[in-house]
Amino acid sequence: MSEKKSRRDFLRDTSAAVLGAGAGLPFLATTGCEQLQDHNLRGSEQQWAMVIDVEKAKDPAVRRACAEACRREHNIPVIEEPGDEIHWIWDETFEHVFEDQVHEHTPEELMETPVLVLCNHCTNPPCVRVCPTKATWKRESDGIVMMDQHRCIGCRYCMAACPYAARSFNWRDPRPFIETDSEGNFPSEYPTRRRGVVEKCNFCAERLRDGLQPACVEAANQVPGAEGVLAFGDLTDPDSEVSRILAEQKTMSRRVALGTGPNVYYVV
Amino acid sequence: MLEAAFRGGKRYWALLGVWAILILMGLWAWGQQYTQGLTVTGMTQDVTWGIYIAQFTFLVGVAASAVMVVLPYYLHNHRAFGRMVILGEGLAVASVLMCMLFIFVDMGQPSRVVNVLLHPTLNSMMFWDMMALGGYLVLNLLIGAVTFDAERRCAPPPGWIKPIIILSIPWAVSIHTVTAFLYSGLEARTFWMTAILAPRFLASAFASGPALLILLALIIRKFSRFDPGDQAIRQLALIVAYAMAVNVFFVGVELFTALYSDMPHHIHAFEYLYVGLHGHDALVPWMWTGATLTLASVVLLLIPKIRNNLSILPFLAVGVILAIWIEKGVGMVVTGFIPSPLGRITDYLPTGVEMAVTVGVYAVGFLILTLIYKIIVNVRERMITSCP
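Going down the list, the protein sequences come from chains A and B. Sequential numbering from 104 applies to the first sequence in the numbering used here. Sequential numbering from 14 applies to the second sequence in the numbering used here.
Derived by calculation from the structure, the hints in this document are not laboratory data. Computed from a predicted structure; not experimentally measured. Glycine included, every Cβ here is placed at the ideal spot set by N, Cα and C. Some hints here could point you the wrong way.
To be verified - Restraint-style ranges between C-beta atoms, simulated for each label pair:
hint: 1; chain 1: A; residue 1: A360; chain 2: B; residue 2: G242; range: 53 to 63 angstroms
hint: 2; chain 1: A; residue 1: H253; chain 2: B; residue 2: Y25; range: 44 to 54 angstroms
hint: 3; chain 1: B; residue 1: L131; chain 2: A; residue 2: G362; range: 26 to 36 angstroms
hint: 4; chain 1: B; residue 1: I182; chain 2: A; residue 2: A360; range: 35 to 45 angstroms
hint: 5; chain 1: B; residue 1: H291; chain 2: A; residue 2: R278; range: 51 to 61 angstroms
hint: 6; chain 1: B; residue 1: L15; chain 2: A; residue 2: R278; range: 21 to 31 angstroms
hint: 7; chain 1: B; residue 1: M276; chain 2: A; residue 2: K353; range: 48 to 58 angstroms
hint: 8; chain 1: B; residue 1: L362; chain 2: A; residue 2: A360; range: 55 to 65 angstroms
hint: 9; chain 1: B; residue 1: H89; chain 2: A; residue 2: S244; range: 18 to 28 angstroms
hint: 10; chain 1: A; residue 1: G328; chain 2: B; residue 2: L131; range: 15 to 25 angstroms
hint: 11; chain 1: A; residue 1: Q352; chain 2: B; residue 2: L131; range: 27 to 37 angstroms
hint: 12; chain 1: A; residue 1: G186; chain 2: B; residue 2: L15; range: 39 to 49 angstroms
Claimed, not checked - The following residues of chain A were derived to be distant from chain B, with all beta-carbon distances above 12 angstroms:
hint: 13; residue: S147
hint: 14; residue: V181
hint: 15; residue: R232
hint: 16; residue: D245
hint: 17; residue: R310
hint: 18; residue: S343
Go ahead and model the full structure; you've got the sequences and the hints to work with.
This is the structure:
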């Protein structure tokens, strides 16, 4: 497996070098592809991952709890206008989330099953590859695909590159659309964004720092009857809950053939 | 030499006035966008690039096409282009500036654009595109100014400029190649992820750019005493004919791959473009207009009698420009987002503000082009009498 991967990287490096030299871009191969290689799991010291139980997440209360907890944790605006709405974690129908796993005889019920989706914190993230300012990057310590909203220039190249539609752009100033309490305070301390930048799920990096689980995981598992619907942990630790589930159960992730290496998995 | 830009007849000032009014309108519209955000555009979370990036793509092609006069003249000593080369370089300068402006107006945080240079990211094609375009602008400004200045003094251009001119040839190819790589390297977008995108971009560029140059040359000789020459114009028409034929071939190759393999992902985009997908058919009339113009102009351009008729040629040139503009400036970018990775089909229509900004950017480009061409024409008119 690893031999195969390194051969693939070699091919990519060489072709980039040849093309780069041809197009007058001699530095493309040497520096550019170093970063691309970190889809080898040993590249990041840890890799946070999530496993979602699709059956348990059929309960609308679970999905509501996730979205609500995330919204409060990250001061996410609620913009109703189609095309402008901001998503971090939300649901889509099974047929669209796993479009290459369904066929014309798939039962209607499964096709229509709502599935929670969020940023996959890919091992080989296309958004990071294309970002012209390193405003989005893969954190080496724990594999989270991070976002620096102070550096983002709002070119939306990452949105064109993401095969999961996990990113949202602030087409307008989001602050007036954030629910406040009676005294006008935002739900949390998390920095609000300004207009013209891209945002997405950050696996609750700010909570992980304090030793907490992501807000959606905590909230979903508290819904009666839904215990264990979301599992979260370190993939490089063979004893973690996520590693154990992946080893024992049949799981899927989205659009595997693209080689992005999603770190959100689904028990179906 | 530059003072010529500030002297001119009524018609010259009227033309500048038209550009100025359109620029002011564009500025007003951009002000709306700057204060309210890109929400004033027709772009959405599903279709995140629209008319701005599409115009950028089209104009990179126009800019690159200067190589179609530079290469025959400097590498093959093709004398007929002697008076045409500088017009090509002027068009390249104006086009690159428009490209940069179209990128700028598309940014969510325009004041941070300099971050691309402060944090150079070698794995991003957008960084390389910025480098390629900036370099191409400098090359054309330098080459144009130095060779034209020498010519004005009735002297041969200095020897040191020759290697720089030769460098500008692969550089022209690189700007459109890197622009194609912006799209074709994205695994998320099947419609763009095709190895023939860069060759296609180049072929269509080498048709639309010279076609525009033909029109400009015909306009210049109608309104001034400077004539780039029948032979140069006819040579350009031949280049347009070949490039357009190659472009049709490339489109055919792409259609074959999609239709014969019958893979849904590859077919959806073409369905959306030419017949409509699940009732979404906003681009269908555009695309059939483009296809008709393309085929008609290729056939007519390939017939020498028609191609060489200088009273028919301007119509063919307009047809080619429109056809390629529809291909790149209307269909290419938006269709990459349809359907979305989650299977949604979201139509895109530019808003009034977006169109006003677009017209404003074009007006800036044409203003610059008018000034450059005015200087060239003035000097050339004097040379008819003064050079030995």
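Margin query: Range first: 44 to 54 angstroms. Now tell me if the beta carbons of A:H253 and B:Y25 are that far apart.
Written below: At 47 angstroms between Cβs, range holds.
- Message: Tell me if the beta carbons of B:I182 and A:A360 are separated by a distance inside 35 to 45 angstroms.
- Response: holds, 40 angstroms
Does 18 to 28 angstroms hold as the CB distance between B:H89 and A:S244, or does it fail?
Since the Cβ atoms of B:H89 and A:S244 sit about 58 angstroms apart, the hinted range of 18 to 28 angstroms is violated.
Could one say that the CB atoms of A:G328 and B:L131 fall in the range 15 to 25 angstroms?
violated, 52 angstroms
ask   = Does the no-contact call for A:V181 survive, Cβ to all of chain B over 12 angstroms?
value = Non-interface label on A:V181 holds, nearest chain B Cβ at 14 angstroms vs cutoff 12 angstroms.
Tell me if the beta carbons of B:L131 and A:G362 are separated by a distance inside 26 to 36 angstroms. Given about 31 angstroms between the Cβ atoms, the range holds.
Quiz item: So does B:H291 sit 51 to 61 angstroms from A:R278, Cβ to Cβ?
Solution: violated, 36 angstroms
Check: Regarding the assertion that A:D245 does not contact chain B, is the least Cβ-Cβ distance greater than 12 angstroms?
Finding: holds, 21 angstroms
| request: Would you check whether the claim that A:S343 is not at the interface survives, using Cβ distances to chain B and the 12 angstroms cut-off? | output: holds, 29 angstroms
Check on A:R232 being off the interface with chain B, judged by Cβ distance over 12 angstroms: At roughly 6 angstroms from the nearest Cβ of chain B, A:R232 sits no farther out than 12 angstroms, so the non-interface label is violated.
Practice item. Measuring Cβ to Cβ, find out whether A:R310 lies farther than 12 angstroms from everything in chain B. Key: holds, 26 angstroms
Note whether the CB distance of B:M276 and A:K353 lies within 48 to 58 angstroms or breaks it. violated, 27 angstroms
Going down the numbered hints, you'll see the structure goes against 5, 6, 7, 8, 9, 10, 11 and 15, while the others check out.
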